[in-house]
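Colleague: Dock chain X against chain S, hints included.
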Amino acid sequence: AQKVTQAQTEISVVEKEDVTLDCVYETRDTTYYLFWYKQPPSGELVFLIRRNSFDEQNEISGRYSWNFQKSTSSFNFTITASQVVDSAVYFCALSEISTGNQFYFGTGTSLTVIP
Amino acid sequence: DAGVIQSPRHEVTEMGQEVTLRCKPISGHNSLFWYRQTMMRGLELLIYFNNNVPIDDSGMPEDRFSAKMPNASFSTLKIQPSEPRDSAVYFCASKIELTLNTEAFFGQGTRLTVV
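Chains S and X are the protein sequences, given in the same order. The first sequence runs 1 to 115 under my numbering. The second sequence runs 1 to 115 under my numbering.
Calculated directly from the structure, the hints in this document are not laboratory data. This structure is a prediction, so every number in the text was calculated from the model and none was measured. Where hints are given, some of them may not hold.
[Unchecked claim] Facing chain S, according to a computed beta carbon distance under 10 Å, are these residues of chain X, among others:
{"no.": "1", "residue": "F33"}
{"no.": "2", "residue": "Y35"}
{"no.": "3", "residue": "L43"}
{"no.": "4", "residue": "E44"}
{"no.": "5", "residue": "G59"}
{"no.": "6", "residue": "A93"}
{"no.": "7", "residue": "T102"}
{"no.": "8", "residue": "A104"}
{"no.": "9", "residue": "G107"}
{"no.": "10", "residue": "R111"}
Note that the Cβ used here is the ideal one computed from N, Cα and C, for glycine as well.
Here chain S stands alone, though its shape is the one from the complex (with noise of 0.2 Å):
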C-alpha cells in the first residue's frame, strides 16, 4: 500500500494565484516525521521543511505555508502569490520510527505556474 499519495499529478496555475498540493498518508506509527521536497526542472532535489508527529502547529515562511492536520492524515503545502520560479515536481515524504530511516515519497505533483 503506498504510504504516502500524492493525488494531483498536474497541476496549472497562472502567476500570483495561490495553489495547495495534498498530501496524505499513512502510518500506524505514533512517531512520524514528514517533508516536503522540491524538484526543480534542474532535477535536484531541494528539501523544504520537516514536520514531526507531536507538533501539528502550521509553518509559514514567506509565501509557503504548510497545513499538518493528525485527524486527516495530510500534509497539505500551500504556495502564495505563486511564480513562475515555483515551477517544480513537489513530493511529500514519510519517515517512520518502525521502518528505520529510510523516506517514502510520493509521486510528485507537478506543478506549473504561467506567466
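Modeller: For chain X alone, kept in the frame of chain S given last:
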C-alpha cells in the same frame, strides 16, 4: 559544505557494460541512501547505509545491482551487466542519523542511459 557530490552527472553506456556510480556524502553525515527515479515508478529506495554498514537493501532490483560504502566519505552503486530498463536518474542522499528527526540532503543525481 559542497553538499552531496555525485559523479558522473550523465552516463551513456551500451547494454551489457558495467556501470559504476559514485557518491560523496556530506562530511559528518553517517547515513547514506541510493534512490532511483523513473517516470513509471517515481522515487525508489534501493539501499541505505548507516555508519558504512548496509541496513536495508531490499530495494535493490536484482543481483546485477551492488552497492558499497568502504568508508564514511564514499559510496558506489554498480550495475553489471547493465540493461536498457536500468535507464533512470540515480540519486544519492545523506543525513545525520542521530534521531529520526533529520532530513536527507540529495545530490544532483546521475542520469543513466543504457542503449
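Colleague: Hints first: check each against the structure and report whether it holds.
Modeller: Status of each hint after checking the structure:
1. F33: Holds, because the Cβ-Cβ distance from F33 (chain X) to chain S comes to roughly 7 Å (cut-off 10 Å).
2. Y35: 8 Å, holds
3. L43: Holds, about 4 Å.
4. E44: 8 Å, holds
5. G59: Because about 8 Å separates G59 (chain X) from the closest Cβ in chain S, which is inside the 10 Å limit, the hint holds.
6. A93: 8 Å, holds
7. T102: 8 Å, holds
8. A104: 6 Å, holds
9. G107: 8 Å, holds
10. R111: 8 Å, holds
The structure shown violates none of the earlier numbered hints.
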